[in-house]
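A.B. asks: From just these sequences and the hints, can you work out the full model?
Protein chains in written order, with our numbering: chain A, 194 to 966; chain B, 472 to 737; chain C, -1 to 155.
Quick caveat, the hints were computed from the structure, so don't treat them as lab data. Keep in mind the model is a prediction, meaning the values are calculated, not measured. Watch out, some of these pointers could steer you wrong.
[Claimed, not checked] Cut-off 30 Å, straight-line C-alpha distance, at most; resulting in silico cross-link-like pairs (DSBU-like, lysine-lysine): (1) B/K473 - B/K537; (2) A/K847 - B/K711; (3) A/K955 - B/K473; (4) B/K711 - A/K665; (5) A/K508 - C/K102; (6) B/K473 - A/K541; (7) A/K955 - C/K102; (8) B/K473 - A/K743; (9) B/K711 - A/K906; (10) A/K621 - B/K588; (11) C/K8 - A/K508; (12) B/K473 - A/K665; (13) A/K664 - B/K711; (14) A/K621 - C/K102; (15) B/K473 - A/K322; (16) A/K508 - C/K123; (17) B/K588 - A/K954; (18) A/K664 - B/K473; (19) B/K537 - A/K541; (20) B/K588 - A/K955; (21) B/K711 - A/K322; (22) B/K537 - C/K102; (23) A/K954 - B/K711; (24) B/K473 - A/K465; (25) A/K954 - C/K102; (26) B/K588 - C/K67; (27) B/K711 - A/K792.
[What the hints assert, rightly or not] Where chain A lies over chain B, by a calculated footprint (3+ residues, C-beta under 8 Å): (28) 518 to 527; (29) 596 to 606; (30) 645 to 652; (31) 682 to 692.
By construction, the Cβ of each residue, glycine as well, lies at the ideal position given by its N, Cα and C atoms.
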Amino acid sequence: MKIIGLEDQEVEASLRSAGLGLSVSEARSVAEALGRDPTIPELFNYDTMWSEHCSYKSSRATLKEFLCTSGPNVVQGPEEDAGIVAIDDEWCVVIAHESHNHPSQILPNEGAATGIGGIVRDVNCMGAKVVATADPLRFGDPYGGDRNHVRWVAEGVVDGIWQYGNALGVPIIAGDVVFDGSFDTNCLVNVVAIGVVRRGEIIKSRAPAGAGEGGYDVIVVGKPTDSSGFGGVTFASEQLREEDEEANRGAIQIPDPFLKNVLFKANEALFKLTREEGITIGFKDLGGGGFTCASSEMGASAGYGMDLDLDLLHKVSDGLPPEVVACAETQERFMLICPPEVTERALKIYNEDWDLPNVYEGARASVVGKVTTNGRYITRYRGEVTCDVPIRHLTGGIRYQREERPRMTSFEEPAIATPEDLTDALLKVLGSPNVSSREHIYRYYDTEVQGNAVIRPGEADAGLIAPVRGKKFGIALSVDANPFYGRISPYWAGATAVAEAMRNVAAIGATPATLTDCLNFGNPEKPEAFWEFRECVRGLADAAKALWLKGYEDTPVPIVSGNVSFYNESPEGTVDPSPIIACVGLIDDVRDAVTMDLKRAGDPIYLIGPRFDELGGSEYYRTVWRATGRNVPVVRFDLERSMIYAAIDSIAEKNVVAAHDISNGGLAATAAEMALVGRGDLGIDLDLDAAGSDLPADRLIFSESSGFLLECKAGSEEDLERILKGYGLEIMRLGEVTGSRELRMTHHGKTVLRVDLETAKKAWTGGLGEAMR
Amino acid sequence: MKIAVVQFPGTNCEHETLVAARSAGLSGEIFRWNRPAEELSSFDGYIIPGGFSYQDRLRAGAIASKEPVMDALREEAEEGKPIIGICNGFQILVEAGLLPGLGGVDAALASNVMVSKGEIVRRGFYCAWTTLRHEAPPRRCSGSFLLEVGELVRMPLAHAEGNLVTVDPDLMARLNEDHQVVFRYCNEAGEVDPEYPVNINGSLENVAGICNPEGNVLGMMPHPERSSFAWQLQPTDPGKSVGDMEAPGPGRRIFESMKRYIEVRR
Amino acid sequence: MKIKLRVWLKIPDAEAATVKNTLRRRMGYESVLEDLGRERLWSIDVDDGVDDPMDLARRLARDLVNENKESYRASVGSVEFEGGYVPVRVGLHIEDGEAVSALKRLRDRLGFEMVRGVERSVVWKLALSSPDPQRTAEEIAEGLLINPHKDFYEIMT
Chain A
194 MKIIGLEDQE
204 VEASLRSAGL
214 GLSVSEARSV
224 AEALGRDPTI
234 PELFNYDTMW
244 SEHCSYKSSR
254 ATLKEFLCTS
264 GPNVVQGPEE
274 DAGIVAIDDE
284 WCVVIAHESH
294 NHPSQILPNE
304 GAATGIGGIV
314 RDVNCMGAKV
324 VATADPLRFG
334 DPYGGDRNHV
344 RWVAEGVVDG
354 IWQYGNALGV
364 PIIAGDVVFD
374 GSFDTNCLVN
384 VVAIGVVRRG
394 EIIKSRAPAG
404 AGEGGYDVIV
414 VGKPTDSSGF
424 GGVTFASEQL
434 REEDEEANRG
444 AIQIPDPFLK
454 NVLFKANEAL
464 FKLTREEGIT
474 IGFKDLGGGG
484 FTCASSEMGA
494 SAGYGMDLDL
504 DLLHKVSDGL
514 PPEVVACAET
524 QERFMLICPP
534 EVTERALKIY
544 NEDWDLPNVY
554 EGARASVVGK
564 VTTNGRYITR
574 YRGEVTCDVP
584 IRHLTGGIRY
594 QREERPRMTS
604 FEEPAIATPE
614 DLTDALLKVL
624 GSPNVSSREH
634 IYRYYDTEVQ
644 GNAVIRPGEA
654 DAGLIAPVRG
664 KKFGIALSVD
674 ANPFYGRISP
684 YWAGATAVAE
694 AMRNVAAIGA
704 TPATLTDCLN
714 FGNPEKPEAF
724 WEFRECVRGL
734 ADAAKALWLK
744 GYEDTPVPIV
754 SGNVSFYNES
764 PEGTVDPSPI
774 IACVGLIDDV
784 RDAVTMDLKR
794 AGDPIYLIGP
804 RFDELGGSEY
814 YRTVWRATGR
824 NVPVVRFDLE
834 RSMIYAAIDS
844 IAEKNVVAAH
854 DISNGGLAAT
864 AAEMALVGRG
874 DLGIDLDLDA
884 AGSDLPADRL
894 IFSESSGFLL
904 ECKAGSEEDL
914 ERILKGYGLE
924 IMRLGEVTGS
934 RELRMTHHGK
944 TVLRVDLETA
954 KKAWTGGLGE
964 AMR
Chain B
472 MKIAVVQFPG
482 TNCEHETLVA
492 ARSAGLSGEI
502 FRWNRPAEEL
512 SSFDGYIIPG
522 GFSYQDRLRA
532 GAIASKEPVM
542 DALREEAEEG
552 KPIIGICNGF
562 QILVEAGLLP
572 GLGGVDAALA
582 SNVMVSKGEI
592 VRRGFYCAWT
602 TLRHEAPPRR
612 CSGSFLLEVG
622 ELVRMPLAHA
632 EGNLVTVDPD
642 LMARLNEDHQ
652 VVFRYCNEAG
662 EVDPEYPVNI
672 NGSLENVAGI
682 CNPEGNVLGM
692 MPHPERSSFA
702 WQLQPTDPGK
712 SVGDMEAPGP
722 GRRIFESMKR
732 YIEVRR
Chain C
-1 MKIKLRVWLK
9 IPDAEAATVK
19 NTLRRRMGYE
29 SVLEDLGRER
39 LWSIDVDDGV
49 DDPMDLARRL
59 ARDLVNENKE
69 SYRASVGSVE
79 FEGGYVPVRV
89 GLHIEDGEAV
99 SALKRLRDRL
109 GFEMVRGVER
119 SVVWKLALSS
129 PDPQRTAEEI
139 AEGLLINPHK
149 DFYEIMT
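C.D. replies: If you want it as structure tokens, here you go:
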């Protein structure tokens, strides 16, 4: 394409008519680096590699400035497809976290399924067995003006997740769902996957040492390449406009869990072969950016070049143009780099033992080229060189310093009178689509497959699995973010999301080991959106630094994986800042973990975490008073750390038999849920005066200040109080578990809330199903 | 005693099923569907585990039932060797005519419908724990050889097509009379309520598992391999925290039964 | 009045490919089954008084057809097939929960009050070179395409 010597408008016109997203200045810098006009396939390669999605061109500087990605337990930071932390001397947990927002808004079923498909590949290609996934979801207002469309999206996304995840055979053990009008035209579908791998058996997503000198083969495995997802990464980096929906549909990838299931087993056979023979391979999934992204990154990260022949790649037809073959995002594909003496055996594993061509029409493993030492990224097609560029230049990307400007908001605290009786308010909060039981959704998920489940969705704040048979250790997983806090204060939204995700795993007795962040924001070219992004990152980084990796004073909890999703906006508006955090926790013996259901009448209930006037963005304000408020919950870092550690220690000492963290809906919702998730024959009686607060009763029970409710084993009160005091925490013995099947709270000698569990359960179990009907 | 856990493309429970069988004292291996079928005859018993063979294309179990490995299994069944189909394995055995084993394809496992007070309240995939009541006499069926009549066992289920239907008006009478109904869905007290949530998928007479007339072939929708260890139980189950990581859960009885059946048959 | 929507995938149909593969490799139809295609068929019973049924069909298709991956053709009354293959229609003779849900959604959520009933089936298009294609199609339907305890089939002409 002619660039050199043309005016800006002329270059602009030819870029757009070719369907490229590159800016004029980006295209000029390519021409300058090559010293000639680039070919069309070259420009598409740059378009892909320099997209926001592949190059993090707007976000990289901010992430580098704030986030801590290393730590004493980190085995692999965020440079590869997934991060890795150590469990013990032998085993590691692998984690990846991504968004699949834009495709899910357009084609909810396939979009969400592709999200899972991509994230499990990221974990598997590190040599790991994928053992669990989690799905944080954000949908629009199910009762607003767009309700039909919102419900269509919500239903399609949930269907896509279960249809893919269940068939693949990976249990979904955690997740959360929030409904709000800011997601009406931009749903968020985030996906987290975790895996386990032995430390010595980790496979890198790069060409192994010696690959260039030894002429290693480059092999593509999986589905035949088609045009699906062509333009996908560029699409993920642009705003959604209604009139473009039709055009954007071409960007949708089609996932296939069945082929993936077979590919995983074949990969396992390949990994076993190379392990046994002590051969180092490179292995990477083909995700965003397709063949170009995988092959150039595998070469460049090892300092090698690539010489690839697109004619040798298996495709649905020979009629595809070279840029489509290179940049399409056909699902269910991997790239393998191995020494030539392994090639025949690798091909046999895929093409004969696992019979790919008969499992999926046109699927197979094909050798497509060689690793070289010349530092060039070369592709050939139909006898011509279609691309010949310096590989480092292609993968190096570009950086933008975006402008930031605080978003002006004018949130005020509402003037409200405390109701005499709070029972109605609690029932409204329990029935809100954002607080009510998640059962309607998680019954669709196979939470039991692989047989490793110890704690399942709905039983506690985090899911827990025992992923290695014969070992006692468990991996806990939770996800969290509150968009309503984000609207008021992006900084505290980031910090509270980290704190809550960590509290969630602590509430079952697991110790937080690592965090991941998936950062969902609007258009970074708008200074307000970019400011929100920076504030969130600063907040979550501050929390990760101040809450410490337990056992290592002053050491941040490392963030080993993550993803940035910008442009979650449409002309109708932008999403609330949504820094979605996942936390992996570890526990030495899964049998020591506790759930949130009440265990025994007569056990005392303790509150940890004082109540503050922090109802900004709370469920109470929004559901009962239709207000947002201003006083968003903040994280008091030293207090928060003490609470988390005290919960972990008291569960480990077996003084606590049930625990639930305080978040949406405040301590009232927390207490109700502890009574409602069990067998329904135990109630709670609380005297709020013991909370030592002068807040009015409604603020006291609905404040979303962080904390826990703990059920102490009767007789262990002294031991528990000793642990709490040891961390400098106030002792607030609020009441006890009763055999009365009701929930009761008194304040200044008066009963302010009293409801039988049947009534509460009805409100709590109906809310979500009603919103998704 | 060596068993084969038969693996089709799309099967996804083979590993935990083999682990559960081993915990009951059986030895065995995973048998890939495209291995020479004649190699199957060297095994003493067979398990077809859960999953989505061929992604449930056409209907669950239909495509796998036509694979050569199923012809080989039919021959082994005629020899009297035990075969247990779990979830998708049950669906495959029904499609292959091995269950209920009256001569042809005698029933279907249709899409779940959850019916309460005459209304469909939910449909589609469902994952939950359930109680099964053992209906057959002891020693009637390979996979429940050690279980008493009326014995209750807890285990999870997870499927979209487990609703047993038939056009044969006499089929249920025949199965009941011949004690081919091995398990029914019931509540924790052992009562069989025909409505959701006790009848979890709309199945005729709450049927959760059936055997062939000879009793050596068993198919069941719930997953015993997911409750073969005490730690796998639900937190509200008092048995969860009993014993060490090897302590048995109720599902192990299925694999222990299979082992005993093989011993007795010898 | 019945509105019919014939719906087919624009993307590769993995289910049809698997069924074809099984018939040819496992069930002995290698020499007679030339090709096999699949369509979904919606039959929607609407009030006779509807003014512009083809416009209604277009509006119904917005919910029943996923145009991102599917194409459709609407007709009123009967359905015409192109020839060159034997169309075998397979549906449920037991209650179809998915059709019940679709009816509820169309009437209650989307406000199509003129819709009275929804029926869902699949049409398998068998291109056969056997001497008696009709007979072969019946064999294939009974041998693989249906389970008689829940499905029915009819050869459409």
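A.B. asks: Would you mind marking each hint as holding or not holding in the structure?
C.D. replies: Hint by hint, here is what the structure shows:
Under the criterion of a C-alpha separation no larger than 30 Å, the hint pairing B/K473 with B/K537 is consistent with the structure, at around 25 Å. For the hint pairing A/K847 with B/K711, the CA-to-CA distance comes to about 16 Å; that is within 30 Å, so the pair holds. As the CA atoms of A/K955 and B/K473 are separated by approximately 51 Å, the hinted pair breaks the 30 Å bound. With a C-alpha separation of about 14 Å, the suggested pairing of B/K711 with A/K665 holds against the 30 Å cut-off.
Restraint check for A/K508 and C/K102: not satisfied, since their Cα atoms lie roughly 42 Å apart, outside the 30 Å limit. For a cut-off of 30 Å, the pair hint linking B/K473 to A/K541 stands: about 28 Å separates their Cα positions. Distance check on the hinted pair: A/K955 and C/K102 sit about 24 Å apart at the alpha-carbon level, within 30 Å; holds. Distance hint between B/K473 and A/K743 is unfulfilled; the C-alpha atoms sit about 47 Å from each other, more than 30 Å.
Under the criterion of a C-alpha separation no larger than 30 Å, the hint pairing B/K711 with A/K906 is consistent with the structure, at around 18 Å. At roughly 27 Å between alpha-carbon atoms, A/K621 and B/K588 fall within 30 Å of each other, so this suggested pair holds. For the proposed pair C/K8 and A/K508, the alpha carbon gap of about 17 Å is at most 30 Å, so the pair holds. Of the pairs offered as hints, the one joining B/K473 and A/K665 holds, with about 28 Å between alpha carbons and a cut-off of 30 Å not exceeded.
Simply put, A/K664 and B/K711 have alpha-carbon atoms about 17 Å apart, close enough for the 30 Å limit, and the pair holds. Restraint check for A/K621 and C/K102: satisfied, since their Cα atoms lie roughly 27 Å apart, inside the 30 Å limit. Between B/K473 and A/K322 the CA atoms are separated by roughly 26 Å; this keeps the pair inside 30 Å, and the hint holds. For the given pair, A/K508 sits about 26 Å from C/K123 by alpha-carbon distance, which is consistent with the 30 Å threshold.
With a CA separation close to 20 Å, the supplied pair B/K588 and A/K954 stays within the 30 Å bound. With a C-alpha separation of about 25 Å, the suggested pair A/K664 and B/K473 falls inside the 30 Å cut-off, and the hint holds. Distance check on the hinted pair: B/K537 and A/K541 sit about 25 Å apart at the alpha-carbon level, within 30 Å; holds. With a CA separation close to 17 Å, the supplied pair B/K588 and A/K955 stays within the 30 Å bound.
Taking the CA atoms of B/K711 and A/K322, the gap is near 26 Å; set against the 30 Å cutoff, the hint holds. Distance hint between B/K537 and C/K102 is unfulfilled; the C-alpha atoms sit about 37 Å from each other, more than 30 Å. For the suggested pair A/K954 and B/K711, the alpha carbons sit about 25 Å apart, so the restraint of at most 30 Å is met. For a cut-off of 30 Å, the pair hint linking B/K473 to A/K465 stands: about 24 Å separates their Cα positions.
With a C-alpha separation of about 27 Å, the suggested pair A/K954 and C/K102 falls inside the 30 Å cut-off, and the hint holds. For the hint linking B/K588 to C/K67, the alpha-carbon distance of about 38 Å lies beyond 30 Å, and the restraint is violated. Taking the CA atoms of B/K711 and A/K792, the gap is near 14 Å; set against the 30 Å cutoff, the hint holds. Closer than 8 Å: that is the beta-carbon criterion, and the region 518 to 527 of chain B has 6 residues meeting it against chain A, so the requirement of 3 holds.
By the rule of at least three residues with a Cβ nearer than 8 Å to a Cβ of chain A, the coverage given for the region 596 to 606 of chain B holds, with 4 such residues. Chain A is given as covering the region 645 to 652 of chain B, and this is violated because 0 residues of the stretch bring a CB closer than 8 Å to a CB of that chain, at least three being needed. Figure legend: the region 682 to 692 of chain B, annotated as covered by chain A; annotation inconsistent (0 residues with Cβ-Cβ distances under 8 Å, at least 3 required).
Hints 3, 5, 8, 22, 26, 30 and 31, counting from the list given before, are not met by this structure.
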